[in-house]
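Asks: Based on these hints, arrange chain B on the given structure of chain A.
Letter by letter, the chains look like this.
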Amino acid sequence: MNNNETDKCTLCGMCKTNCPIYKNYLTESMGPRLKAIAEKKNLNNLTDQELSAIFINCTICSACKKECPNDVDLNISKMRSELIKRGIETDAGKEMIINIRKYGNPFGKVKKGQKFNKLYCC
Amino acid sequence: MFNIKEKMERIVGKTNVSDSRLDKLSYSTDASSKSGHPLLIIWPTDREEIKNIIKTALNNKYDLVPRGAGTGLCGGCIPDESIVIDLSRMNHILKINPKKRTVIVEPGVTVNELNNALKKYNLIFPIKPASHKIATIGGMIATNAAGMHAIKYGKTKNWIEEIEIITGEDKTYNTMNIKSFCGSEGIFGIITQATLELTDLPKEHSYFHFKLNTPKELIDKVNEYRYNKNILSIEYIDRITSRLMKQDNRYHLIIEVSDDTGDIREEEEITKIETLREGIGASLGKEKFIIFEDPWIPPKYQEYFLEWLDKMRIPSFGHIGYGIFHPRFRKNHAEKIKKMFILVKKVGGTVSGEHGIGLSKKEYLSEKEKTKIRKLKKRYDPKNIFNRNKIIDMQPRGI
Chain A
2 MNNNETDKCT LCGMCKTNCP IYKNYLTESM GPRLKAIAEK KNLNNLTDQE
52 LSAIFINCTI CSACKKECPN DVDLNISKMR SELIKRGIET DAGKEMIINI
102 RKYGNPFGKV KKGQKFNKLY CC
Chain B
236 MFNIKEKMER IVGKTNVSDS RLDKLSYSTD ASSKSGHPLL IIWPTDREEI
286 KNIIKTALNN KYDLVPRGAG TGLCGGCIPD ESIVIDLSRM NHILKINPKK
336 RTVIVEPGVT VNELNNALKK YNLIFPIKPA SHKIATIGGM IATNAAGMHA
386 IKYGKTKNWI EEIEIITGED KTYNTMNIKS FCGSEGIFGI ITQATLELTD
436 LPKEHSYFHF KLNTPKELID KVNEYRYNKN ILSIEYIDRI TSRLMKQDNR
486 YHLIIEVSDD TGDIREEEEI TKIETLREGI GASLGKEKFI IFEDPWIPPK
536 YQEYFLEWLD KMRIPSFGHI GYGIFHPRFR KNHAEKIKKM FILVKKVGGT
586 VSGEHGIGLS KKEYLSEKEK TKIRKLKKRY DPKNIFNRNK IIDMQPRGI
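Protein sequences appear in the order of chains A and B. Numbering (our numbering) for the first sequence: 2 to 123. Numbering (our numbering) for the second sequence: 236 to 634.
Just a few of them, taken from the derived set where beta-carbon distance is under 10 Å, the chain B residues facing chain A:
| hint | residue |
| --- | --- |
| 1 | R324 |
| 2 | S366 |
| 3 | G514 |
| 4 | G516 |
Derived pair list, reagent style SDA-like, types lysine to any residue, alpha-carbon separation capped at 25 Å:
| hint | chain 1 | residue 1 | chain 2 | residue 2 |
| --- | --- | --- | --- | --- |
| 5 | A | K24 | B | T280 |
| 6 | A | K66 | B | S270 |
| 7 | B | K259 | A | R81 |
| 8 | A | K66 | B | K481 |
| 9 | B | K259 | A | I57 |
| 10 | B | K249 | A | P21 |
| 11 | A | K66 | B | E503 |
| 12 | A | K42 | B | S268 |
Just so you know, the hints here were simulated from the structure itself, not pulled from any lab data. We put the beta carbon where it would ideally sit given N, CA and C, even for glycine.
So that you can see chain A by itself, here it is in the shape it has in the complex (with noise of 0.2 Å):
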């Protein structure tokens, strides 16, 4: 979120009308606002692991723009870049890149007719 976005953000949690992660959960961590909190705050103070558990946590659905009265854009995609940047991912991203520069596909080796051995979820 640019600066311009942070200042629109009053934190007013309208964000988590629709949002799937925090109406499986029902915890304030897993929805939008968390992550609202986290860029206004100062991200160099969160861990490695806690930025991984608040930007990965994420569809990408823009659920919570859609419900954002001050139309705030959260642009999880553009913080998820940064820390993909930074090295940090989850082990299926980093299976997956890798089985792709191996085999030329997110699945690793696959013989013709062959069901996956794994299906992954990032």
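Replies: The following block gives chain B in isolation, referenced to the frame of chain A:
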């Protein structure tokens, strides 16, 4: 010996207690600009767990802060080295009685969830605060929420038959004493269940939309409609807000009626007017008017109040039919806010029409109001473990 976290884990299970940094950060704030420090966060799932949590907190001298959706605008659920009780997971609709037109709910049920479940019975719980999509019934009872249909339906207290509350004396009350508990902002105990009254789902609705030049014209028009029986809401947008919304330099009056007598009846036109109303927050937010207050002004002084806001360049909108105004301020407008509240008191208004007192409006409470609250606090929460320093200042644990 177990520490407090372990003791609470034994009551609700390990996964329903947290003291992680991220959870503490999440529960340190609400929709007000206030923040504090939670010690633990607990997610209870039934009344028995709440009973045991309260008992443990009493025995070990810890403060408890009950919390719903965390959409309060006055800091009503800000912790102060306290244990936060998030009631979102107590979200069951227990019994709908279409004949008696009542429903029994747990405190974490949201108004939207409830009204969706009531649709098939053609019934509705009619209190509709701006945050109705996530606002919980427990939170609405605690703040005595009103909302945009207040002119027809009044406030939450008008629609409660019975409250079940566990107080700071470790007693469970099933009470019709709605007056004491509705609007008590969690300072007496935790609401574990409520029986709500329901009404018929309005079959039709339509709108009037007037554009007016002066506060006098606006108030004259409000008075023309204020006492009509079919009125659902009377909302205004002042001319500063109208300009910021790229409309015009006029006051807008939007009147919703519960039949088809309004000028705006077609679905497309209704969507347009509702979009205009819902766009207020975004337009003001873009201009950094992010703090909003909720004074109630008596009808006699509403025109004067509007003129004063215009003179002070304070954008506003609100439920003018019910007398609740929503002036919006920038972060550095503390002086303007203070001046406004002095004026509100002077004209016989109240500083909070619907958001509550919480932390931010304590200084405007009269001695008479404070004494009344202290008396009730002494009765229901004598050890002062609930939501300390909200509404009135209290010494830690014990009055």
